[in-house]
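> Residue numbers for the sequence shown follow the UniProt record's numbering, so the first one is 1 and each next one is one higher.
These are computed hints drawn from the structure, not numbers from a lab. Just so you know, even glycine gets a beta-carbon here, dropped at the ideal spot from N, CA and C. Among the hints, erroneous ones may be present.
[Unchecked claim] Now the in silico label distances, taken between C-beta atoms and shown as ranges:
1) V176 x W28: 39 to 47 Å
2) G248 x P204: 42 to 50 Å
3) G210 x E53: 48 to 56 Å
4) P204 x G32: 20 to 28 Å
5) G348 x G32: 23 to 31 Å
6) T109 x G58: 28 to 36 Å
7) F271 x W314: 26 to 34 Å
8) D54 x P94: 14 to 22 Å
9) D241 x G216: 39 to 47 Å
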Amino acid sequence: MTLLSPPARRTVSRRPPPRSTLIASLDWWLLGSVAALCLIGSLLVWSATLHREDLTGGVPQSYLIKQVVNAAIGVVLGAVIAATDHRWLRLWAPFVYAGSLAGLLAIFTPLGAVINGSHSWLVLGGMSIQPAEFAKLGVIIGMALVLAERLEASRRTRPSDLDMLPVLAIAAVPAVLVLAQPDLGTLMVLVAIVFGVVALSGAPRRWLLGLVVAAGGVVTFAIATGLLESYQLDRFRAFTDPSLDPQGAGYNTIQARIAIGNGGLLGQGLFNGSQTQSGFVPEQHTDFVFTVAGEELGLVGAGVIIALFTVLLWRALLIARRAPDVFGRLAAVGVVCWFGFQTFQNIGMCLGIMPVTGVPLPLVSYGGTSMFASLMAVGLLLNIHLRAERSLGLGVVVRSRRTRSRW
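Take these sequences, add in the hints, and give me the full structure.
In structure tokens, the structure reads:
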């Protein structure tokens, strides 16, 4: 039985589920891991900014408050998606994708801004937004919708070559816009999402080989034409040996390793990390937040974070496996690839086993756009999970065939 094999036969009842049944139907392993990651992330962000008056303006709790507010807004957005009938999600999928493209295009207007060397931001009313975070969700939904429509219309379980052309076009447009910024970290995440969705959709293997060749060609082209900034190339050189430029491109990696090494087994204690509280690690509340855990919570605390991500990905994979339709299965697979690769990339960057590319740790790093997009993705997973038992919003309850239909 493949990932795209049809689910078990189901019957339908119009009776809405009681609230107690709905609450019991939620995936509490998923919600628990997400809540724990958000809580730990808020504490780590607070610790990383506690003595940074240049960031907090003399209010030590300012970034903690911002992170909690971001998480609260993200929870609302995720809850709306989770409670939306799946038919509306599919109806709105093209608009979500188009909106993500509009955000990426707006970067190249006067609204765009350069932050940390990357032209990846929109500044609206004093608020910074990174549209590429929403583009990840847009690509997932767009690819899942096109594949679902084509496979369901033809009653096939595997996409053909003709099916793959529009799917890859959907992924290529935002990828080109992200490369033009240039935001290499987000581009790598998009490639991982596309590769994972294509692989698990059952597409012909030649398309997977083609994706690998195309990705290599794009990187070669970007280097040869000077599209990548010099600091990005320096980061890749420093990745092989940070000591070649210890005060420049290799500085982040060296300081991150020192911070994590200081933690030992149990850490130096929350708010007591020597590297963290002295501000030696750059961007420690965002891209390098994992180093705060390594130094202040030690190997045990860092291991807890990795374990929580493992639980999240495990539940997401189960949701993909049990999803009742192609759209739900592929969308859940896309979220798994997004969270899985980005978590590996971020933690690997902090450990020095991956190059520094500036991607946040989902649900943990400080950043409103990242938090909103991540919790919206969690809401999408919950929607797919609940769809396996019932449809919300239009009063249609889906039950297993062992349950008597009340129609």
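> Indicate, hint by hint, whether the structure satisfies it.
Going down the list of hints, with the structure as the test:
1. V176 x W28: 39 to 47 Å: For W28 against V176, whose Cβ atoms are near 40 Å apart, the range 39 to 47 Å holds.
2. G248 x P204: 42 to 50 Å: holds, 45 Å
3. G210 x E53: 48 to 56 Å: Holds: the Cβ-Cβ distance is about 52 Å, inside 48 to 56 Å.
4. P204 x G32: 20 to 28 Å: violated, 39 Å
5. G348 x G32: 23 to 31 Å: Once the Cβ atoms are compared, 25 Å apart, the range 23 to 31 Å for G32 and G348 holds.
6. T109 x G58: 28 to 36 Å: Given a distance of about 35 Å, which is inside 28 to 36 Å, the answer is holds.
7. F271 x W314: 26 to 34 Å: Holds: the Cβ-Cβ distance is about 32 Å, inside 26 to 34 Å.
8. D54 x P94: 14 to 22 Å: Violated, at about 43 Å.
9. D241 x G216: 39 to 47 Å: Violated, at about 23 Å.
When held up to the earlier numbered hints, the structure conflicts with 4, 8 and 9 and fits the remainder.
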